[in-house]
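All chains, please: the whole structure from these sequences, using the hints.
Order-wise, the sequence lines are chains E and F.
Residue numbers for the first sequence follow my numbering, so the first one is 805 and each next one is one higher.
Residue numbers for the second sequence follow my numbering, so the first one is 20 and each next one is one higher.
Derived from the structure by calculation, the hints contain no laboratory data.
The beta-carbon is built from N, C-alpha and C at its ideal position, and this holds for glycine as well.
Calculated pairs, DSSO-like style, for lysine-lysine (alpha carbon to alpha carbon, straight line, at most 27 Å):
1) Lys-174(F) - Lys-74(F)
2) Lys-83(F) - Lys-194(F)
3) Lys-46(F) - Lys-69(F)
4) Lys-1028(E) - Lys-174(F)
5) Lys-256(F) - Lys-138(F)
6) Lys-143(F) - Lys-83(F)
7) Lys-314(F) - Lys-1028(E)
8) Lys-267(F) - Lys-1028(E)
So these bits of chain F aren't anywhere near chain E, every CB distance computed over 12 Å:
9) Thr-126
10) Asn-212
11) Lys-353
12) Pro-413
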Amino acid sequence: MLKILKYSFYDLSRSRWSYVYFFFYLLLGVVLLFLNNDLSNAVITLMNVIIILVPLIGTIFGVMYFYNSREFTELLLAQPVRRSSIFLGQYLGVAISLSASLIFGLGLPFIIYGLFQSGAIWDFASLLISGVFLTFIFTAIAFNIALSHENKIKGFGLAILVWLFLAVVYDGLFLLSLVYFQDYPLDKFSLVASMLNPIDLSRILILLKLDISALLGYTGAVFKQFFGTGLGAFTSIVVLILWVIFPVWRIKRIAAKKDF
Amino acid sequence: MGRLFILFLLLGFATTSIHAQEIEVCKSCEVKTIQAAVDMAENGDVIRIKSGTYKEHDITIIDKSLTIIGEGLPVIDAEMEGTAISIRAENFSIEGLKIINVGRSHTNDFAGILVSNSKNFEVKNNRLDQVFFGILLERSSEGIISGNKVTSNAKDQATSGNGVHIWKSEKITVKNNEVIGLRDGIYLEFVNNSEIIDNLCKDNLRYGLHFMFSDNDLYKGNIFENNGAGVAVMYSKFIDMQDNQFRKNWGSASYGLLLKEINDSELKNNIFEDNTIAISADNTNRINYIENDFKNNGYAIRIRGAVYDNIFERNNFLYNSFDVAYTGRLNDNKFNNNYWSGYSGYDLDKDGIGDVPFRPVTLFSYLVNRTPEAIVLLRSMFIDMLDFSEKVSPIFTPADLIDEQPQMKRIQW
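Laid out in structure tokens, this is it:
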């Protein structure tokens, strides 16, 4: 598996897209810092970008990579290598190279700007951790979709739909249910509902780290009380890990059964 | 000639006996305690207190017009027992004292300086430290409180008092004072025709300035910073608020300025910066907000209910999370000629006024007002899309709540 991971990783690190992705983040980081002149403001703006773009890029890149390397995969399948290690190796190769682009792309300008001297370092760290988790989650989902659908168009369409659902539609339904059931106590519900969606969960984890959390009022206090404790932090990390493990486990299962 | 001389001599004696006597208080003087000096003194006398520590409390001055001057900041240590100085008189002044360790109580309002039923007085340049109440005025008029510095370490609201507390008084001027670390910085109840000018209220537990049932007052040039909830102005009318700064009142239940049941008042040239809610208005009528700056607040203006005939003109709304939050669809307030940093319109005829009206109320702020839990969706992409579509065609937010003439450039005032 490590060998395949290495091949995928080298393959990707030679690919143009990784560099595009890397330079995109680099540019974003530089421009944000240049325009804002303030680390914590830049972190807020970055959050908006990360919770939308990182999942989208993970999804599209994952699907694209899987379909493109199909011939290579078939070649590998003819060799005496375990199926699970082929697919997991490819998955990890994509996810790790995307995460690396994210971390270096954003990290470099911030470090040059003087992140280590600033108090915003923990906000920034939580931003990067959420970003890495989101990359792993959405790449795994993309691999799932690509494995289940031979038809590329269908696969792409579905992947975009899943992203759209989690990034936008989910919040719409969430809001609708909040407004509809406003006569009931909704703190527990909103807590659970935002834990279930990895995008919402990372958004709230980052928001609570920032000053802006005072805006959240009473509901925010409930959230802060929960996420501030060891239990809350532990639960949210577990939820994020589960979001990674479940699709990865499904990749393994489908790959073992699939007829190529 | 001889008779004339005797007459002059007599006159001279008469004037010296009328002329104010000076009493000195110090450890090595004839008079060793302040209370003894007060008991000796007659109307119009001057008491000079030399530097040193005087362990005295409940010094009482009744019906004597005295001038009490501390030289070299003498310390009156009340040893945590009762009020330090209490006065009921006309035409007196107290200056240059340092009063510490005023007693705390749940039943009595012990103060550093208690002034009751007095008229025409001055309390200036004193330092009060570790006090329960700082300077407490009751049923008094025409007084000046200036240049005092009141500090304490209030821990919770029940066991702490206010810095400058004025009750049922008239024509009082509170000027150039500093109040740090008490419950309310300056508290006014039933105080009319008074002025609160150039004070600094910082790190107080509850409000920087607390205003109840007080009419025709002016507060100007004050700085309110990092208090529990900034300034509360309640149940008052004809209040003039100018050139004040409201800063860093940040927390889940904090405001810069809380207006409740205020009528016919004006806010001009104030600066609101880094507050969770800059202004929370509830039941306020006929108020003009002119040339104020709202910068980096959570909410710039939160309008609760029964708010009519308010005019917002030439204000700068800069980078607030919500500019205006509103309940209900009814609007009777005017927004005109403001600068909004969130404005994305254009100005083709280059007259400095945007050609497209601006809607300060977003759908999200409306939803949050109705369902507070919805705030957890803050900065979600769905919300941005929702706000955009509402901006294009308003359905939920008041359709007539618009700034017809949004400014293109920040207003300089």
